[in-house]
Amino acid sequence: MNYLIQFAGREYAMYDTAVKFFIYSTEHSDYLIDLYANGRPTPFSPMSNSIYLKGSQKNAHYDLFVDFDGDMVMSNKVIHITPHTLELPENIYKYRYWAVLGTLYHIIEDISSAYVTGYLLENKMKQELEVFSSYSSHLSFALRIAVNEIFGRDI
Amino acid sequence: MDVKNSNEIITEFISRCNFVQIYSDYSFGLFGAGDEFLGVDAEKSLDILYSSAIAANRVIGFFETLPPFIPEYATKGGCILITKTLPVIVSTPVLFCKSLDVFPNLLATALRVSNEISLPVIVVVSDNIFNNFVKSGNNSYDHNRISGYIYKQSFSNKLTIEQFADKMVLADQLLNELMPNRDNYKEISFKEPHKPFLNYILPLYGNDHSALIDIEVSKKEYDSLYKTLSVRYNVKVSEKADIDSNIEVELKEYLCPGCPFLVYFTMHRDKSILYFTDINCEGMLKKYEINYVPFEYFVGINSSQLNVNTVFIGKASSFNASYFPMIRSGSVVLLNDADYKSVNGFKKIKNIQKPFVENKFLLLPYSCNNIKSYKPASLKYSKCDKCADLEYPLCITETSCVALSYRYEKILVNKELCTGCKACVTVCRKAAIR
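Top to bottom, those sequences are chains A and B. If you read the first sequence in my numbering, its first letter stands for residue 45, the second for the next number, and so on. If you read the second sequence in my numbering, its first letter stands for residue 9, the second for the next number, and so on.
Since the hints were made in silico from the structure, they are not lab data. Do not take every clue at face value.
Derived coverage of chain B by chain A (criterion: at least 3 residues anywhere in the stretch with Cβ under 8 Å from a Cβ of chain A; other residues may be distant) [claimed, not checked]:
1) 9 to 20
2) 255 to 265
3) 282 to 295
4) 410 to 421
DSS-like mimics (lysine-lysine), calculated; alpha carbons at most 25 Å apart, straight line [claimed, not checked]:
5) B:K12 <-> A:K98
6) B:K260 <-> A:K64
7) A:K121 <-> B:K260
8) A:K98 <-> B:K143
9) B:K12 <-> A:K64
10) A:K138 <-> B:K418
11) B:K203 <-> A:K138
12) A:K102 <-> B:K203
C-beta atoms are modelled at their ideal positions from N, C-alpha and C, and glycine is treated no differently.
Take the sequences, apply the hints, and build the full model.
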């Protein structure tokens, strides 16, 4: 399966960590990856990258939108992973990067989340680990419908 | 993890290669390695870097747009000028980089070529270079450290045409060996990642007047590429249609907290006025539809009475008192980018938080590079109706301020980011923000 994943986020340190983990995990799952960056019109514009994961010879790919801070605006029906579509409760909003990342690992089934869980365990980030594990094992209702419709299968 | 981001790669290169003088435009601030020279614009900063390199210092500069530049003297310390915009005048070797994977090696090559030919080397980078990630490897850099020195003749012996031609021959040999251009390019693109692009281009020199080679570019890129490439290539528009993604994504735009333009425009914007600025901020220029020109253009435009009112909002360091008698119409708002105590003839605004009266010549307390912080804004929830008649609250949509967010049906102020500029106070209809 091939994926074109667009990332956007405003918290630089968290964004940097999350994207690095994702790149590292996908490379270790034998995906060929292309990395692209998008321009930032001001120093406070959201960071934005596109990652193309090539796992098969087909020319087709699925589009995924990973929007850590809810900064993407789009009209088409797409898989848009954001705190809003995850229906993230207010009390864990500060862990949204881990929730969104967890969901991404859940949707792309053949990448291992071991690097992330290992890191969170090692650094004794209990809450973050709990959020990440929870969101990497289930999908919100809205996302499940979108994923089923676009992928044509249940996850 | 052996994954690095652009900032880490640039910082590593700068620290390993012992650069003495580093300049970075404000727009590179968060990711660039250096700092803006306070109150010195890009053109003057380029002069400082270049003269420093003539005195055998190793220098590097990051420019959103590189000012036109013709080297007249030989440098001794290695000089790399990195820019996001293709240069209009090709007066020294220009290297192009589209991929972060090859960026460290390309920087090392640029430094080597600059050292060998004793001239600055320009590196033009695509959007892909900054804010990206790459699986890192070990890069070997030139660690040499040299002390500054000049001779009596350093500034009296200008480069002759013959010397310049010799340097270009040497540059061509080196670049052809290290990162050769292909013999035949069909269609090239600087923006699209999967299409090829030239690795370098050299200025014309001596007897080198080889026939122009055909090269095709997309219609979208023709304007930006033509001026740079037409020195050596016969640039044509490709017959193929551009492929656009069928999913359109827009990212919300945010201005810097305390953006002086935001503060000024929330108080004084008048759609009948034509605004000009010499500050090159893509986000601000797009939001407020301002014309980006040097101060001198504004002086020329306003040398007689015009049919419309004009306002120039620009850097105090660009202003020259001798322009005063030449400005016969229009107003000037200077942003104090160099912490001047005062500028003769300008009314100084001490506190940007309080409404100020429009004046022909105003000096605001700060610019983009030295935004001042005041007491952060606070929100009285009992008064806030979240602009119920609108899709989003006005304080969010009108200010595009990164310190304000709207979630879980609440407006939140990030006190760490808020500079207390009070632009949101001005737009709030219910006086709920203080």
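Quick check: do three or more residues in the region 410 to 421 of chain B have a beta carbon closer than 8 Å to a beta carbon of chain A? holds (count 3)
- Restraint check for A:K102 with B:K203, where alpha carbons must lie at most 25 Å apart: 20 Å, holds
Check of the region 282 to 295 of chain B against chain A for coverage (Cβ-Cβ below 8 Å, three residues minimum): Since 5 is at least three, the answer is holds.
Straight-line alpha-carbon gap A:K138 to B:K418, limit 25 Å = 15 Å, holds
Hey, B:K203 versus A:K138, does the alpha-carbon distance stay inside 25 Å? 40 Å, violated
Check: Can the restraint linking A:K98 and B:K143 be considered satisfied, given a maximum Cα separation of 25 Å?
Finding: The hint holds at about 16 Å.
Tell me if the straight-line CA distance from B:K260 to A:K64 falls inside 25 Å. Status holds; Cα separation ~23 Å.
For the pair supplied as a hint, B:K12 and A:K64, confirm whether the alpha-carbon distance does not exceed 25 Å. 8 Å, holds
Tell me whether the statement that chain A covers the region 255 to 265 of chain B is true, taking a Cβ distance below 8 Å and needing three residues at minimum. Coverage by chain A holds here, the residue count being 11 at a Cβ distance below 8 Å.
Are there three or more residues in the region 9 to 20 of chain B whose C-beta lies within less than 8 Å of some C-beta in chain A?
holds (count 5)
Next pair to validate is A:K121 with B:K260; report whether the Cα-Cα distance is within 25 Å.
18 Å, holds
inquiry  = For a C-alpha distance cap of 25 Å, please report whether B:K12 and A:K98 respect it.
reply    = Measuring from Cα to Cα gives roughly 21 Å; hence the hint holds.
Against the hints set out earlier in the document, a violation occurs for number 11 only.
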